[in-house]
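J.: Residues per chain are reported as follows:
Protein chains: 2
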Amino acid sequence: MAGIFYGIGVGPGDPDLLTVKAVKTINKVDAVIAPKSGEAGSTALAIARPHLKKDVELVNLVFPMAGKQEDWREAWRENKKVIGGLLQEGKDVAFLTLGDPMFFSTYIYVFRLLQEEGHTIETVSGVPAFCAAAGRAGFPLVEGDEVLSIVPATADQAMIENAMRSFNNLVLMKVSRDTDSLLAMLARHGFSRNAVLVSRCGLPGEDIVHGLPEGGGKVNYLSTILARRDR
Amino acid sequence: MAGIFYGIGVGPGDPDLLTVKAVKTINKVDAVIAPKSGEAGSTALAIARPHLKKDVELVNLVFPMAGKQEDWREAWRENKKVIGGLLQEGKDVAFLTLGDPMFFSTYIYVFRLLQEEGHTIETVSGVPAFCAAAGRAGFPLVEGDEVLSIVPATADQAMIENAMRSFNNLVLMKVSRDTDSLLAMLARHGFSRNAVLVSRCGLPGEDIVHGLPEGGGKVNYLSTILARRDR
Chain Y
1 MAGIFYGIGV GPGDPDLLTV KAVKTINKVD AVIAPKSGEA GSTALAIARP
51 HLKKDVELVN LVFPMAGKQE DWREAWRENK KVIGGLLQEG KDVAFLTLGD
101 PMFFSTYIYV FRLLQEEGHT IETVSGVPAF CAAAGRAGFP LVEGDEVLSI
151 VPATADQAMI ENAMRSFNNL VLMKVSRDTD SLLAMLARHG FSRNAVLVSR
201 CGLPGEDIVH GLPEGGGKVN YLSTILARRD R
Chain U
232 MAGIFYGIGV GPGDPDLLTV KAVKTINKVD AVIAPKSGEA GSTALAIARP
282 HLKKDVELVN LVFPMAGKQE DWREAWRENK KVIGGLLQEG KDVAFLTLGD
332 PMFFSTYIYV FRLLQEEGHT IETVSGVPAF CAAAGRAGFP LVEGDEVLSI
382 VPATADQAMI ENAMRSFNNL VLMKVSRDTD SLLAMLARHG FSRNAVLVSR
432 CGLPGEDIVH GLPEGGGKVN YLSTILARRD R
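Protein chains in written order, with this note's numbering: chain Y, 1 to 231; chain U, 232 to 462.
Looking at chain Y on its own, in the form it has when it is part of the complex (with noise of 0.2 Å):
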């Protein structure tokens, strides 16, 4: 009998933030996928590491975020061939990833993938990064009949200023790559004095800054913006 094949969101950073179910299920599959992106390691497995069992299969597999589409394509097809052929052999595998497995994540095109050629799959939800950024920081997020957009930095500048200008509470991910033109538009749409950035929520070197920082820094890479329109 083929295997069953588990996304795990292991959540934000801190180990303690994973969910008593997703403790449990990497404790009894046959199989854990560890993803990177690059040459550096994987994050979700070092956050995930302290609730592995010793003798567990430990598979790591690279899925290009950055480069040729083709490229990665090519790259992601390997990978889930891969991790057929475990399944195929009657093991179950535990796919680790940050944050929740449906929000943002590479977990995403893998559970699509795996999806068409019908295999048996269970995704055991975790904590968001934003969330967990809004707690650290003593933030509320969102309360009442309030709308929250959360928006990738990445998206298309007409978008991201659209959800500036309709919505009074936002997040705002991936805040590392052009972070001063992005504090420039926060400021000038009002959202300059209720607003955290939260860099390595629960990770070795967090860092809470509150109120829009100064331009001109560096930004880590894994920061989020938490913000409410000022009144």
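Do not take every clue at face value.
Once the Cα atoms are required to be at most 25 Å apart in a straight line, the calculated PhoX-like pairs of lysine-lysine come out as [claimed, not checked]:
| id | chain 1 | residue 1 | chain 2 | residue 2 |
| --- | --- | --- | --- | --- |
| 1 | Y | LYS68 | Y | LYS53 |
| 2 | Y | LYS24 | U | LYS322 |
| 3 | Y | LYS24 | Y | LYS36 |
| 4 | U | LYS255 | U | LYS285 |
| 5 | U | LYS259 | Y | LYS24 |
| 6 | Y | LYS54 | Y | LYS24 |
| 7 | U | LYS284 | U | LYS259 |
| 8 | Y | LYS28 | Y | LYS68 |
| 9 | U | LYS259 | U | LYS299 |
| 10 | Y | LYS28 | Y | LYS54 |
| 11 | U | LYS311 | U | LYS299 |
| 12 | U | LYS322 | U | LYS311 |
| 13 | Y | LYS68 | Y | LYS80 |
| 14 | U | LYS322 | Y | LYS53 |
| 15 | Y | LYS28 | Y | LYS81 |
| 16 | Y | LYS28 | Y | LYS80 |
| 17 | U | LYS267 | U | LYS312 |
| 18 | Y | LYS24 | U | LYS285 |
| 19 | U | LYS284 | Y | LYS24 |
| 20 | U | LYS255 | Y | LYS54 |
| 21 | Y | LYS28 | U | LYS255 |
No lab work stands behind these hints, which were simulated from the structure alone.
On the provided structure of chain Y, position chain U as indicated by the hints.
T.: Quick look at chain U alone, frame taken from chain Y:
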């Protein structure tokens, strides 16, 4: 020495979706606050109960959500006094809340009231219901450069339509009120094919309906719609 106030996200329903940190924390505190909004029992307590130690002091507090706002305020101030009293006695207190504490929760108001009085507060993040709904339904929420709007169906109609017009990925919360007009609005804005309604996610009576459901039915209070615009 005054105690510490912990806000504990218990996640959406499945007791195994509490984080390891939430379980550890409710096992070390002296008192646990189970909030409820009226006559019915506390859903957050039902979810956390398997993890509670037997001799913990359990405090039921009613936080009214309906009726006159002045009456609420009075009740909430009274609740704050009860919690403040426990903290002054040197007790560590955990306040249970559905999903994530900083995301559409009663906890936010309690957090603000206690923060004003200078209490030491720690928030333990949880899995929000919309992530768990996506996981259970096998419905990827948002990826790449897309924007996700999270909209309570109790928001102003113009604001709901603005979100539907502007962005391709939606989470609609509190959809049990005016469900038919909401479904019509979704269909009008091209969200009819890629949508799923998830009720009582991870709780007894869980229901998952793919595609927009037919109107006219009664929808459970704990229901969420996830939708992506048709292409």
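J.: Each hint needs a verdict: does it hold in this structure or not?
T.: Structure-based check of all given hints:
With a CA separation close to 37 Å, the supplied pair LYS68(Y) and LYS53(Y) exceeds the 25 Å bound. Between LYS24(Y) and LYS322(U), the direct Cα distance comes to roughly 32 Å. Violation of the 25 Å bound is thereby established for this hinted pair. Between LYS24(Y) and LYS36(Y), the direct Cα distance comes to roughly 23 Å. Compliance with the 25 Å bound is thereby established for this hinted pair. About 14 Å separates the Cα atoms of LYS255(U) and LYS285(U), which keeps this hinted pair within 25 Å; it holds.
A C-alpha spacing of about 22 Å is found between LYS259(U) and LYS24(Y), which places the hinted pair at or below 25 Å, so the restraint holds. At most 25 Å may separate the alpha-carbon atoms for a hinted pair to count; LYS54(Y) and LYS24(Y) meet this at roughly 14 Å. Straight-line distance between C-alpha atoms of LYS284(U) and LYS259(U) comes to about 9 Å, which keeps the hinted pair within the 25 Å bound. Between LYS28(Y) and LYS68(Y), the direct Cα distance comes to roughly 37 Å. Violation of the 25 Å bound is thereby established for this hinted pair.
In summary, the hint linking LYS259(U) to LYS299(U) is not supported, as the alpha carbons are separated by about 37 Å, beyond the 25 Å threshold. Restraint check: the Cα-Cα separation between LYS28(Y) and LYS54(Y) comes to about 12 Å, which is no more than 25 Å; the hinted pair holds. Restraint check for LYS311(U) and LYS299(U): satisfied, since their Cα atoms lie roughly 19 Å apart, inside the 25 Å limit. Only pairs whose Cα atoms come within 25 Å are accepted, and LYS322(U) paired with LYS311(U) is accepted, the gap being roughly 15 Å.
Proposed proximity of LYS68(Y) and LYS80(Y) is supported: the alpha carbons are some 19 Å apart, at most 25 Å. For the hint pairing LYS322(U) with LYS53(Y), the CA-to-CA distance comes to about 36 Å; that exceeds 25 Å, so the pair is violated. Distance restraint check for LYS28(Y) and LYS81(Y): the Cα-Cα separation of roughly 22 Å lies within the 25 Å cut-off, and the hinted pair is therefore satisfied. Of the pairs offered as hints, the one joining LYS28(Y) and LYS80(Y) holds, with about 22 Å between alpha carbons and a cut-off of 25 Å not exceeded.
Pair hint LYS267(U) plus LYS312(U) holds up; C-alpha atoms about 17 Å apart against a cutoff of 25 Å. Proposed proximity of LYS24(Y) and LYS285(U) is supported: the alpha carbons are some 23 Å apart, at most 25 Å. Distance restraint check for LYS284(U) and LYS24(Y): the Cα-Cα separation of roughly 20 Å lies within the 25 Å cut-off, and the hinted pair is therefore satisfied. Pair hint LYS255(U) plus LYS54(Y) holds up; C-alpha atoms about 23 Å apart against a cutoff of 25 Å.
This hinted pair checks out: LYS28(Y) and LYS255(U) have alpha carbons roughly 22 Å apart, not beyond 25 Å.
Hint violations for this structure: numbers 1, 2, 8, 9, 14, all remaining hints satisfied.
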